[in-house]
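K.L.:
Sequence:
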Amino acid sequence: MLAARLNVVDHRLDVAEVSIPEPGPGQVRIAVKAAGVCLSDVHLVQGLLNPMYLNGDVVTLGHEVAGTIDALGPGVTGWTEGQRVALQAGELSAAQVLTRGVDYDGGWAEYALATVATLVPIPDDLPFEQAAIIPDAVSTPWGAITGTGAVRAGEAVGVWGIGGLGAHAVQLLRMIGAAPIIAVDPNPAARERALDYGADLALDAADPDLPMAIRSATAGNGLAAAFDFAGIEAVRRQALPCLGPAGRLVLVGLGPEPMTIANPTLISFLGQQIRGHYGSGPDDLGVLVGLVTHGRLDFAKSISDVLPLSQAAEAVNRLEHKEGNPVRLVLRP
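Note that UniProt numbering gives residue 120 to position 120 of the sequence shown, counting from 1, and the numbers run on in steps of one.
Honestly, the hints are just simulated from the structure, not real lab data.
Incorrect hints may appear among the rest.
[Stated by the list, open to error] Each computed DMTMM-like pair below joins lysine to aspartate or glutamate, with the alpha-carbon atoms no more than 20 Å apart:
#	residue 1	residue 2
1	LYS301	ASP124
2	LYS322	ASP204
3	LYS301	ASP196
4	LYS301	GLU323
5	LYS301	ASP283
6	LYS301	ASP204
7	LYS322	ASP124
8	LYS322	ASP196
9	LYS301	ASP70
[Stated by the list, open to error] Ranges of calculated distance between the beta carbons of each label pair, as one might list FRET restraints:
#	residue 1	residue 2	range
10	ASN317	VAL9	46 to 54 Å
11	ALA219	GLY290	30 to 38 Å
12	SER268	GLY154	25 to 33 Å
13	GLU314	LEU266	44 to 52 Å
14	ALA234	SER268	19 to 27 Å
15	SER268	ASN317	40 to 48 Å
Note that beta-carbon positions come from the ideal geometry of N, C-alpha and C, so glycine has one too.
Start from the sequences and build out the full structure, keeping to the hints where you can.
P.N.:
Rendered as structure tokens:
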């Protein structure tokens, strides 16, 4: 079969012929129908992110995956061949969070292995391209908003970075009733996208009057929660002073830069918090598929383009350079 394999030492990405994997006990083999391309994949190729638990130097990328069950491993019951599923982006193993396509082989391939605990059924009318991006592109902001950020209806929220995750964060915040929703991004096209996805206000990160604009939009109260989806120190430095009393800054975007807190005493005085977030909970994917099924969410406009698996490197390059300002690019084996 074909698989897009990354050497994490020399950062070479190649689409190559490899053996079709055989499922072991508790596993199934997935015939991959669609796999999302995430900025984390770009960072892996760049070497800005490195797997923590990978056994070896080469991994098949792809943590956003949907397809059909192709074969059952020994002892697997309750699932059938041909069943349509999306895969959790990661799983807990021996007190370690292992990420698909990072710490073990993922879904940029014609076939992929998955443990039964990571399978979530998807309805027949949900396109594979849309189902594939729910793990991570949607479930990570969902977990950040409803779990780590604990956002409630009526709370003022800021979203920094309106890429694939940030755009869906705006959409999800709108659904749960956050108000106002303020999007921040230096890219005019990204700001337009934020408004299209449901933001009440979209501001330029380069505007020196941005903190004042946020205070004005929140009746002087500041933000109850701010989300950094960019993983950039400048974003965190800008977002922190925009918080109101008891405000939460949630760090979702991954980046290597150290974070500087200019006035920690003020954070203590105001009871503010900085919270880290990674991935989503084991039930989040199923909840989100249910919301799609019941018509509360629609990700049709999130699929910016679909490319063949053979063009994985091109997809990475397009996302890295924001060619066409994509929300999500999807690979189809």
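K.L.:
Evaluate each hint against the coordinates.
P.N.:
To see whether the hints hold, each was checked on the structure:
no., hint, verdict
1, LYS301 <-> ASP124, "holds (19 Å)"
2, LYS322 <-> ASP204, "holds (17 Å)"
3, LYS301 <-> ASP196, "holds (10 Å)"
4, LYS301 <-> GLU323, "holds (17 Å)"
5, LYS301 <-> ASP283, "violated (25 Å)"
6, LYS301 <-> ASP204, "violated (23 Å)"
7, LYS322 <-> ASP124, "violated (32 Å)"
8, LYS322 <-> ASP196, "holds (18 Å)"
9, LYS301 <-> ASP70, "violated (29 Å)"
10, ASN317 <-> VAL9: 46 to 54 Å, "violated (20 Å)"
11, ALA219 <-> GLY290: 30 to 38 Å, "holds (35 Å)"
12, SER268 <-> GLY154: 25 to 33 Å, "holds (26 Å)"
13, GLU314 <-> LEU266: 44 to 52 Å, "holds (47 Å)"
14, ALA234 <-> SER268: 19 to 27 Å, "holds (23 Å)"
15, SER268 <-> ASN317: 40 to 48 Å, "holds (45 Å)"
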